[in-house]
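Peer 1: In order, the protein sequences belong to chains X and Y.
Those letters in the first sequence? Residues 1 to 257, per this note's numbering, in order.
Those letters in the second sequence? Residues 1001 to 1319, per this note's numbering, in order.
Be careful, since some hints might not be right.
As the list claims (entries may be wrong) - Calculated from the model, a selection of chain X residues having no Cβ within reach of chain Y, i.e. all distances over 10 angstroms: (1) Trp-11; (2) Ser-37; (3) Arg-50; (4) Val-54; (5) Thr-92; (6) Ile-108; (7) Val-133; (8) Val-229; (9) Ile-248.
Claimed, not checked - Here are the simulated SDA-like pairs of lysine to any residue, each with C-alpha atoms no more than 25 angstroms apart in a straight line: (10) X:Lys-250 to Y:Thr-1019; (11) X:Lys-250 to Y:Asn-1024; (12) X:Lys-250 to Y:Gly-1067; (13) Y:Lys-1141 to X:Pro-87; (14) Y:Lys-1129 to X:Val-15; (15) Y:Lys-1128 to X:Leu-22; (16) X:Lys-170 to Y:Met-1092; (17) Y:Lys-1129 to X:Arg-8.
Source of the hints: derived by calculation from the structure; they are not laboratory data.
All residues carry an ideal CB built from backbone N, CA and C; glycine is no exception.
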Amino acid sequence: MMQGFNARGAWSIYVRELMRALRTAFQSILSPVLTTSLYFVVFGTVIGGRMEPVDGVAYGAFIIPGLLMLTLLGETTSNSSFGIYMPRFTGTIYELLSAPVGVAETLIGFVGAAATKGLILAAIILGTATFFVDYEIAHPLAAAGYIMLVAASFSLFGFILGIWADSFEKLGIIPLLFLTPLTFLGGTFYSIEELPGVWSTIAYANPIAFLVSGLRWTFYGTSDVSIWVSLGMTLGFLALCVGIITFIFKTGWRLRE
Amino acid sequence: MSDPILSIEGLSKVYAGGTKALDNVDLDIRKGEIFALLGPNGAGKTTLIGAVCGLVRPTSGTITAFGHNLASDWRAARARIGLVPQELSTDMFETVWRAVSYSRGLFGLSPDKARIEEILRSLSLWEKKDAQIRELSGGMKRRVLIAKALAHEPDLLFLDEPTAGVDVELRKGMWEQIGALRERGTTVILTTHYIEEAELMADRVGIIRKGQILMVDDKASMMQHMGSTEAVFTLAQPLGAVPDALDRFCLTIGEGGTSLIYRGGTGAQDVEGDGNAEVAALTKALIASGVDFIGIDIHDSSLEDIFVGLVAETQGDDA
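Extracted from the complex, chain Y is given alone in its bound form (with noise of 0.2 angstroms):
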């Protein structure tokens, strides 16, 4: 494995009003790896990223990134980083050129108009260069956005909610610029609420909940160890109990017998003995016992189901 190029000990957070919004948080991001921050509102992540990127002063811990401590050598540590924020934060009155030059000399290198003719293509903007940004669509402010934070070609770029707001056709566009960033060697950490957004581009996921991180785990391995398979069967005649003969498998009755519930598995289908594997020796087994059956709902459990288990279990350990 290789070193991480960003490393977080022991950072803590606590505002002014008394909030702790960051609780001794340890985190390590790999070169190269697109990694999803998944957490509740409040959860703590956009302090996260603010403390990476200066935004936010940390009341203790340690933030190293690409070698350098960014309290103390934050010029050539802040140089590498890039940002996306949240909000549609700049200055409408600017063209999307001049915007995007200024970005990049704000970061000390060199007008370069060729770079910044490939972002703005890239990102689908080079024909409104010259249109003042309030001129723009939601969807291209946020491009916008993206293109300023490139403009200085970071080797590491924080997303912080960078789909929230923008409809279904926009979003897919920008997992495949979030691709791109990836093809280019770009590390990415990203922040979502869209779980289906984590689970299609992460290679890493951490979950973060009232500032302290549950979980990061890659994502297959996450689903492997935690993920499951429901399966429900609609039976043609009510039981009122499992037979014997089923005994093998994590079975539960419906509501009022009419159903016969399969939880168990691994819920990823790659791997062996997985959930969907039992769910086939079950029907067969539910054939031999006579047990029949006129409908059958498998569902493979999502990130999404893990994410919700796990930050309902963890509130169930604060009651």
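Chain X extracted, bound-state conformation (with noise of 0.2 angstroms):
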């Protein structure tokens, strides 16, 4: 008799988003991974070239963390709420709500493939990397990490945002005006501490900025806050969003009538 945690249930989630993710693979990896190329070719080799190394990192390099960022959170964002959507959209949620599923086994299921996937894209982009800038991650545990941390959080956040969506504009709208507007604006292309006067004051309002920062701390060694800073604000930010989840689980906010 099923009385605690339905692993088997979680694992029946997981392996069929991941599926589903294979599926779409040329819009869910080919697509992210051509798109983070370009950017390497253009902002790395034509422009890199000709730019001063920032914080004595070849400027090539010094994007790659921000650009992984770039990826990793608008795709694991985009990809838990596109999972998590689909049900309520075609009506294919009875089935959740109707197993002996909790909240657990849903983010286990939901969110760890859309983390999972994150973390496949970002392993090949950072591949795709080495084929047009040389670079040496000085932390690599802490790198791998902190991209698992950011990927589990911004799945979640992803999670909410397919709960909150009730139509497909409201699904795009927070990854596209937000999400990438803040990580471009969040030191991807330079270093905070470089912008002018109360500009860089500003930028240090926008929370992905210290995302970047940290991740750039795990690449080199260098970052403009503290990569304990950066810690707090991502842990923060992954605590935030498992409370609101466990409010939509506990009330059945949008997902129960």
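Join the two chains, each given in its own frame, into one complex according to the hints.
Peer 2: Have a look at this one:
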């Protein structure tokens, strides 16, 4: 008799979500890799060759953490939000709601699969970057851990987005209108410290600047803000998302009538 | 009588807009029975199913399934309940095999190829196991939903309008499958618009209207208590009034006096003193009285007549 955690239920959701990503491999894997590769070609090789090193790091290598973050945030958020939005949209959510799966199994399934896909993408992008730019990772374990943390956090965020959205338009608004611009302005292509006067202060109001800075520290040992501040911000965001999702499941908001 | 496997007490549901979909519903379901829930559109049938299956949050009341309170011990309860929804809701790009296997895993059961093969064969889906669901006909898609609901071998299965939009032949096939479920010992609760379906399949019938259960009874008992027989005698010569010799029968004169209408009895032919026996007696009495007739049309009331009458009666009460 089922009483506790439904591990098989969580695994079933996880596998199905990963299979869905593979089913749409061109859109979900090849497309972001191609886009990021173009950034490496244009900003890393063509323009980067004429730029001065930033904080002692060649410009082509300097932009790798930012571009990685750009892809990671967009893809984990989109994949996770789409993963839970589609069952709501098509009505197949009934099966999930009537099954003996709770918040833990659902999150492991949907968020775990989205985060895994994000990690696979990150690995492919880092591999692709070696064709265009020379770089070495100063703290590889920290980098892997930080990428996992960000992937999990934004997969959770995407899950919330997928439950909040009641149209495909709303599903796309947050990644397109907020995440991408904030990542661009969050020090992907420049060091925030180099911004003149008040702009530097304004830039720190952008939470994604802390994420980019944190990942850059794991790569090159230099960052605009302390790694501990970045880590604290990321963990805080993760905790906030977990809290919101727990509330959603407890109240059934937008899930159960 | 065995203990109920599903017990609903004082269940109410008021939606955010103020619509009261369920109003203090009490209902017990017995092990192994087929229970048909009948009601007009918007009566609360789907809300009731949703409340038991975890799709709807009840406003008040308690639901106990297999001894487990659904509010506190929902995992154990849900593991034994299956649902076939009214809408054809499934991932159209999945293959039949993967969709059914996924459902089994979702309910915490280990993969069992033999069991899934048995389910697919029993629903005539085996040949389509590798086909994407979007490639299947509407009837097959509905059977896929049934296969998904059976994948975890539920003891209690909800079928929400299982034959809606299904052609006559396929509907009969679906009835056979429901019968097979009963043979297997699965308790089935079905909602339907086809009262003929309830009449054919159900052991017990519940009638719901405006969120309230109007009546729950064994089908035979309901027919006996609420059924009747109607016989229309087409007369050779019009009558102005019912002859005195026929006073003991429940008779009325039809329009223009050209027919004599009997309405009475139980409508159940296997009950002593039922309407059909009275019609036989009436026929003899007509002949003895010299009332000539040229045709007889006898009709036992169906569950549909009872349902329509009951719902119309309560609508009258509301007015």
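Peer 1: Hint by hint, where does the structure go against what was stated? Just the numbers, ascending.
Peer 2: Of the numbered hints, 1, 5 do not hold.
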